[in-house]
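*Asks:* Below, each chain spelled out in residue letters.
Number of protein chains: 2
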Amino acid sequence: MSTLQQFLRNSINHIPFDPIKLDTPIPLNQLPTPALIIDLDKYDLNLAKMQNHLASHDMGLRCHTKMHKCPTIAKKQLALGAQGICCATVSEAEVMQASGINQILITSPIVTPEKVDRVIALAKHSSKLEIVVDYIDGASLLNAAAAVADIKLRVLIDLDPGMGRTGISPGPKALLLAQHIVYHCPNLEFSGLQMYIGNCMHTLGFEKRSKKYRDLLQQGIDTKELLESNDIAVPVFTGGGTGTYDIDSSIGALSDLQAGSYAFMDVEYRDIGGQHGDHFDDFAPSLFVLSTAISKPQDLLITFDAGIKSLATDTSYPELKNIKGVKYHFGGDEHGIVQLDNPSQEIVLGDKLPIIPPHCDPTVNLYDFYYPFRNGVVEEIWPISARGKSQ
Amino acid sequence: MSTLQQFLRNSINHIPFDPIKLDTPIPLNQLPTPALIIDLDKYDLNLAKMQNHLASHDMGLRCHTKMHKCPTIAKKQLALGAQGICCATVSEAEVMQASGINQILITSPIVTPEKVDRVIALAKHSSKLEIVVDYIDGASLLNAAAAVADIKLRVLIDLDPGMGRTGISPGPKALLLAQHIVYHCPNLEFSGLQMYIGNCMHTLGFEKRSKKYRDLLQQGIDTKELLESNDIAVPVFTGGGTGTYDIDSSIGALSDLQAGSYAFMDVEYRDIGGQHGDHFDDFAPSLFVLSTAISKPQDLLITFDAGIKSLATDTSYPELKNIKGVKYHFGGDEHGIVQLDNPSQEIVLGDKLPIIPPHCDPTVNLYDFYYPFRNGVVEEIWPISARGKSQ
Chain A
1 MSTLQQFLRN SINHIPFDPI KLDTPIPLNQ LPTPALIIDL DKYDLNLAKM QNHLASHDMG
61 LRCHTKMHKC PTIAKKQLAL GAQGICCATV SEAEVMQASG INQILITSPI VTPEKVDRVI
121 ALAKHSSKLE IVVDYIDGAS LLNAAAAVAD IKLRVLIDLD PGMGRTGISP GPKALLLAQH
181 IVYHCPNLEF SGLQMYIGNC MHTLGFEKRS KKYRDLLQQG IDTKELLESN DIAVPVFTGG
241 GTGTYDIDSS IGALSDLQAG SYAFMDVEYR DIGGQHGDHF DDFAPSLFVL STAISKPQDL
301 LITFDAGIKS LATDTSYPEL KNIKGVKYHF GGDEHGIVQL DNPSQEIVLG DKLPIIPPHC
361 DPTVNLYDFY YPFRNGVVEE IWPISARGKS Q
Chain B
1 MSTLQQFLRN SINHIPFDPI KLDTPIPLNQ LPTPALIIDL DKYDLNLAKM QNHLASHDMG
61 LRCHTKMHKC PTIAKKQLAL GAQGICCATV SEAEVMQASG INQILITSPI VTPEKVDRVI
121 ALAKHSSKLE IVVDYIDGAS LLNAAAAVAD IKLRVLIDLD PGMGRTGISP GPKALLLAQH
181 IVYHCPNLEF SGLQMYIGNC MHTLGFEKRS KKYRDLLQQG IDTKELLESN DIAVPVFTGG
241 GTGTYDIDSS IGALSDLQAG SYAFMDVEYR DIGGQHGDHF DDFAPSLFVL STAISKPQDL
301 LITFDAGIKS LATDTSYPEL KNIKGVKYHF GGDEHGIVQL DNPSQEIVLG DKLPIIPPHC
361 DPTVNLYDFY YPFRNGVVEE IWPISARGKS Q
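Going down the list, the protein sequences come from chains A and B.
Here the first sequence is numbered in my numbering, starting from 1 and rising by one per residue.
Here the second sequence is numbered in my numbering, starting from 1 and rising by one per residue.
Chain A on its own, in the form it takes in the complex (with noise of 0.2 Å):
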């Protein structure tokens, strides 16, 4: 027996935060696959490069942690120095909060009370939390929660750089929900605005992203200038992600970058192109999924043990990472049949091979667990925490 409050409360800790030591370190080969394994050497240079990048820069960075779901990521994330962290819903600003972290901005509105509530809660936790709204009722009823809480909520407003997706408009429309915030809404803080321009992400072409970013980006600047010009201050102008990291940094005009993928990449990242040719590589794949050769029904094709509950398919297909001449198809959900056009190795029943997946977040959502290597061998076990925490 349990409410439904309490039942939601345990479910945070449902997957451990902290990672779990090997007593026995373990060669990947004798992982039971499909399992998600991270090249630690590229991980590191990932997010080296990534903060020594921004820094340089003068741009702060708040690593979108929707990317990975991992409390262990996020906190050396801000151990390199990272500012703080974004969470795409509550239960994840749930999981990352209780798992120690505080500097939280939630990315993505929320309208029901109950969602409400959870966080006021996390506000009351720690006063650095913050999250975006993009309507004036959206606002007030933030605002009334917080009186009843007794406490002052962060909030930004998040601006729709016209995806239609989530945020208001920029402009009057937005400078009006300002207005309401700052001189409505004694409950609220306002820090400033986010613009996730998602639709430039991936842009295919770097000349073509940075043109379209720019062009979209600029309704945002104006917004702040005209939010700046009518008494309201902005300190915090946050948006960008790791397709716009480059461009970002050379305009200036953000206050910090709300990349994620960066720290694993996948094909289509990789497939964006870069500054100099088709692919962007300025951070390298490090996230795959292991996966066994399982089946051989045919001649020309054989089955490996990855299918659609192993692997994402919203977007491109999956590669094997050392393999040229085969193509991976789907074969259901616990299934992949590698096509042996002209293969760069023989592959037999029983070989693990490391798959590139097409879209590292929501393959991450699909384990509960990473295995991290180096030198081929895994020392230990890092909890996706946050996995599955869509609400």
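Hints were generated in silico from the structure; no laboratory data involved.
Being a predicted model, the structure only gives us computed values, none of them experimental.
Ideal placement from N, C-alpha and C gives every residue a C-beta, glycine not left out.
A hint or two may mislead.
A short, non-exhaustive set of chain A residues, derived as facing chain B with CB atoms under 8 Å [stated by the list, open to error]:
#1 I20
#2 K309
#3 S310
Pairwise CB distance ranges (calculated) [as the list claims (entries may be wrong)]:
#4 B:D117 - A:I20: 16 to 22 Å
#5 B:H125 - A:A144: 55 to 61 Å
#6 B:A233 - A:L204: 55 to 61 Å
#7 B:S126 - A:A147: 55 to 61 Å
#8 B:F330 - A:S344: 32 to 38 Å
#9 B:D44 - A:Q5: 27 to 33 Å
#10 A:I20 - B:D215: 48 to 54 Å
#11 A:Q5 - B:Q5: 35 to 41 Å
#12 A:K327 - B:N29: 44 to 50 Å
Please build the complex by placing chain B on the supplied structure of chain A, with the hints as guidance.
*Replies:* Only chain B this time, still in chain A's reference frame:
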């Protein structure tokens, strides 16, 4: 500190097995969204209808738990008369066995020592455990491990219906494998054949599906006769699914059906067409993702809080259950953008509406719990204990 084996054993009951009774029943509109909800009236009808249909045709039901991943549902299916359950993976079978179910068939072959060890552990606990094999060395591997454990392991031969996913070719090759098992693998007990014709389940149109299925199944029927004419008894011939349940019962070749989706249904299955129309409605949708309208950045769009981390993306599109004249588009990991072409009812921010999942299996796999409801109220929570058990 832990060994990998201890860690994996602990993860079997990572999520509890039994329903959690709520102190205070909760109306649907107070659930935190996105939430996976089950309409119990529809679900009960679906379960009874399939069981009764098969019983009246002298066929068994070996329901596939890869779909629902839930011991509570599996036990209900067994209580209604199912002869056993199917699991797609070893870790799924570990959860089901730990919850108290012994009649388990693992429907996908395994080839690595660590998986073989785990299957042997399951078989030591229950002699009813069965697993498929699809090549001679695979049978030898299982036989050697069973000999070491001093047990007799029940195996079925998996036949490839031309999908090229798993299975051995029907006909002489399958006979050779059966002879190998019967005459050279003293620690294996040959139970029969599996032929899951997955490439037919979603063939559009009943007549077309029926014809294609009958043609492909004939190879399995012929193989069964070939084995029998070579003095090898074939007590089990298992296969089929929701999309062929009435075709299989009219053919009468299978001993039991491996159906899963009939309990919940989804957009993909509805659209295959039934005997009497464009919609396959022998079973009613009983599973929905309850989602909240959280943002309205543009007049003709409204954004819900269910994206690609809450709904499968591998087949068709999600649909709002009760509203016509709208179209759901994926808007990233956490959002769905609904295009308001000509909505049959107004949708306002805060509305919690049920969405029919495009594909039930991989949607279920994104959640830890079901909220079953009757008369709009949830009285208990059912753990999806085998969620993420893709190993």
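*Asks:* All the hints need checking, so say for each whether the structure fits it.
*Replies:* Hint check results:
1. I20: 6 Å, holds
2. K309: 5 Å, holds
3. S310: 5 Å, holds
4. B:D117 - A:I20: 16 to 22 Å: 21 Å, holds
5. B:H125 - A:A144: 55 to 61 Å: Distance hint for H125 of chain B, A144 of chain A holds at roughly 56 Å.
6. B:A233 - A:L204: 55 to 61 Å: With Cβ atoms ~60 Å apart, the hint holds.
7. B:S126 - A:A147: 55 to 61 Å: 59 Å, holds
8. B:F330 - A:S344: 32 to 38 Å: Once the Cβ atoms are compared, 34 Å apart, the range 32 to 38 Å for S344 of chain A and F330 of chain B holds.
9. B:D44 - A:Q5: 27 to 33 Å: Given range 27 to 33 Å: holds, Cβ gap about 29 Å.
10. A:I20 - B:D215: 48 to 54 Å: 51 Å, holds
11. A:Q5 - B:Q5: 35 to 41 Å: 37 Å, holds
12. A:K327 - B:N29: 44 to 50 Å: 46 Å, holds
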